[in-house]
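K.L.:
Using the hints provided, position chains H and C relative to the given structure of chain Z.
Residue numbers (my numbering), protein chains in the order written: chain Z, 1 to 310; chain H, 1 to 329; chain C, 1 to 347.
Be aware that one or more of the hints could be misleading.
[Unchecked claim] If you anchor each label on the Cβ, the simulated ranges turn out as follows:
id : chain 1 : residue 1 : chain 2 : residue 2 : range
1  : Z       : ALA46     : H       : ARG29     : 43 to 53 Å
2  : Z       : VAL63     : C       : ALA294    : 48 to 58 Å
3  : Z       : ILE250    : H       : GLU159    : 46 to 56 Å
4  : Z       : ALA46     : H       : SER285    : 18 to 28 Å
[To be verified] Only pairs whose alpha carbons sit at most 20 Å apart, straight line, appear in this in silico SDA-like list of lysine to any residue:
id : chain 1 : residue 1 : chain 2 : residue 2
5  : H       : LYS203    : C       : ALA139
6  : Z       : LYS43     : C       : TYR26
7  : C       : LYS101    : C       : THR111
8  : Z       : LYS219    : H       : LEU128
9  : H       : LYS204    : C       : GLU278
10 : H       : LYS81     : H       : ALA93
11 : H       : LYS203    : H       : GLU159
12 : Z       : LYS198    : H       : ALA107
13 : H       : LYS81     : Z       : GLY210
14 : Z       : LYS198    : Z       : LEU135
15 : C       : LYS101    : C       : HIS130
16 : C       : LYS101    : C       : SER90
17 : Z       : LYS219    : H       : LYS203
18 : H       : LYS203    : C       : ILE280
No wet-lab data here; the hints were simulated from the structure. For every residue, glycine included, the Cβ atom is placed at its ideal position computed from N, Cα and C.
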Amino acid sequence: METRDRELTPEQFRALEEGSRDSERIAGPSIGFWRDSWERLKKNRAALVSLALIVILFAFAFVLGPLLTPFSPSEQDIAQRYERPGAEHWFGTDEFGRDMFARVWQGMRVSLYIAFIAAGLDLVVGVTFGAVSGLLGGKVDGVMQRFIEILNGIPSLVVAILAMVVLDPGILSISIAIGAAGWTPMARLIRGRVLQLKDQEFTLASRSLGAGNRRLLTKHLLPNALGLIIITLMLTIPSAIFTEAVLSFIGLGIQVPNASLGSLIDAGAEDMRFYAYLLFFPAAVFCLLMLSFNLLADGLRDALDPKMRK
Amino acid sequence: MTEQTQNGEANGRPLLEIRDLKKYFRVGRENLKAVDGISLEINKGETFGLVGESGCGKSTAGRVLVRLYEPSGGEVLFEGKSIHEATGSEGRALNRKMQMVFQDPQASLNPRMIVSDIIAEGIDIHNLAANGKERLDRVHELLETVGLNPEHANRYPHEFSGGQRQRIGVARALAVDPDFIVADEPVSALDVSIQAQVINLLKKLQRERGLTYLFISHDLSVVKYISDRVGVMYLGVMVEMAPSDELYSNPLHPYTQALLSAVPVPDPDVELERERIVLQGDVPSPVNPPSGCRFRTRCPYATEACGHDEPVWREVSPEHWVAACHCIP
Amino acid sequence: MVNESTNGTSDAVLRVDDLRISFSTYAGEVQAVRGASFDLRRGETLAIVGESGSGKSVAARSIMRLNPAANTIVRGGEIVFEGEDLLRLSERRMLEIRGPKIAMVFQDPMTSLDPTMRIGRQISESLRKHLGMSRAQAAERAVELLELVGIPNAEERLRQYPHQFSGGMRQRVVIAIALSCDPQILIADEPTTALDVTIQAQILELMRDLQERLGMSIILITHDLGVVASTAHRIGVMYGGKIVETGTVREIFYNPQMPYTWGLLASIPLPTADRSQELIPIPGSPPNALDPPAGCPFSARCPYAMRICEEEMPGYTTFSDEHRAACWLHHRMAPKVEPPASIGGAK
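One chain only, chain Z, in its complex shape (with noise of 0.2 Å):
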């Protein structure tokens, strides 16, 4: 009906109160830039199961595994060699009678050491690379980028072996080789990112206030990366174990009586035929592991993706 027939009284037309309304005002509290990730991780399903499956594996390797069992993962029992598994032992036992409970969370542990080192090396320089080579560009980019370009022609697993080769087999030296042979992938992509960043107005703007490099870095460039350097980094991670595995295969990688997982899939595939639980478990925890952190790192491309927000 014609808004003009409306009954209505004359208290409904007065005049709003100046201040009473602010058109300035802002609804709502303040959603940082995580919070909005996480809401928009929680809703990927994939995501939200392999980190709950990660962190109990990480609970199982560090506290659960330990706690649960009376062995110690070096702890030799001959009469008790190759036993399936069972009441006490879970996941029977070797051929030096050790149990394999122990032995799977101690390799996993001792697989996650690897990797992590391997990340943080992956993490200072390939950041570190990338970021001066984007940043100041021209002939210095040229030649770090080459120097790249040549480092890739070797395949990554030959300049393991080769790092390998050289320094005496180890927790911290194996790490060292993956790191080595895995951080050019970050390099690239942080230039990538770098170079993207350096043209945006809010980077041009710091310039022209008087910024430095540094100051560009720090506080503009690198915290505008660090979704990509996170997904790279959690890639990196069963990228690392795998490699390792790999060394492994070959000879190179951990030596007895230490464990990674990488080693005990190597000795489990041994006696595959007899006892095949040698190489289930250790297996299935790699597997596992890896499957869990590449589904994290997919969901998180899609959390932290800046044009996906809204």
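P.N.:
Positioned in the frame of chain Z, the structure of chains H and C alone reads:
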């Protein structure tokens, strides 16, 4: 609307002098001649409007002025001294005196920083605040100056609208107390009703603080409204320059005439009646500008001579300069 | 060349009635369109004017059902075309309508064309699919279409790729594709916003010319009142998801009845105006679509707002055959208010 101030000019000179400025970019083997020789002066307290379409070089010129680019030729003098030769503390002082407001409200604020850090960046770099409290006070003061609330200081850019973000950008530029501000299309990405907010803010700030502006835009109506003098650029060169009212009422260069004619007027009867000059063809590439007069490929009055006779930049009437060819009396 | 529309609604080719469209996002429901009604007459250009967040683009895309299916919710209303409700048609039926009956031109010519396909093929695609033409016939028609939109050397250019065309030329190609099957309705969503002003003038002239020649009905979505003044017959002003005023182009420019329309007109610098005249901005920002206000969406920014404005959405008041506005100021009990002096035909 600001009158020319004779006082305040350092040594009787204009605040900013641009002499035959050139900026080329290398694209593969060739040179992209973004700015190919422009000269102008800006006096203290005035607003100079720089107008042109995409590819004319106006944004590049603006960035050369705030020293984001090194010029390929020519020079820029601020208060009589060359800006590109300044180093060290002189260079830093220039960063404070000449500031820029950017175009894109989305991209001009770091999405990971809160507003107070964004605005205070200049204060941090130049150590203008003695302690945290002083810094915060200054930020609040600046927020209020641009019409926002102090509570906004703890929020992130994405929580604000485009107009509000532009105002934060203005606050950031003001934080270092500049004398000269290059406004590079500051309102082009905003809604019409919001544009007016930001324009009024800029005018108010100019009155209160005696600021000098270079206002870059492709929007002729806005430029006319805010500028004292206007320069029209095409493919890297200036084709006409005159006081605002004079340019719009008496455009001499064919490109200026076409440009003014192309702007649709928000008045139906006027639109119905008026004569339009519609240019044919596209803007040539700045990599290979046409020989002689650059505008000849689209000019309705082009003759053969235009291919080899370069127009002469001269003052046709007081304060009214044109790249003069056979069209200009 | 802009004529006053004198036809009644019996000549409507498209009727949008109380359209309500929302999007579900993780933050909640974004109410983009909250009850928009307008109709398009044969042979006219209807401009839907609004700023960002007004819902005009969403409304236009709803006509073609181009909103992302995954999170679009149709909360109500209908879009009547040739006796059918477009909102409730099957996707198969919509495929028959998009192109031959209703066509759309988008804002950004850079991304509207497939960069890996030759222009000729992009134009022929539609002809061959909808009109069943053979390759040769389609190629011939494609040449005709390119000439129609003013692209010289048409035969040669058919074989080129989009990156070999400039922005203005690409927009012409996009228009050619839209016109290829002789649609009755052309929806143009900010067709010239991304173009330089001299190129914009060319495209607008082309559109006016085509409308005269082909008798198409055009819905023009834009925020640019200058473009509206030079090409539209009737205007619908949209704010906060609702149409707040409709009328002929002269009625809206010279006798606007709603404070938002006053605000829009007062905030534009006219190239002819005196510089000493103040630009009157509209303070504040558009309403939050996640939590729209109960009453009039403009009340938070309106200088004349009253209590009732915040509480309840006003209905329409009719001023002429074509002219309606939704504002409580028209109620007989409301105070009399004069629009600002700077608008309303002051020349």
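K.L.:
So which hints don't hold here, by number, going up?
P.N.:
4, 5, 7, 11 and 17
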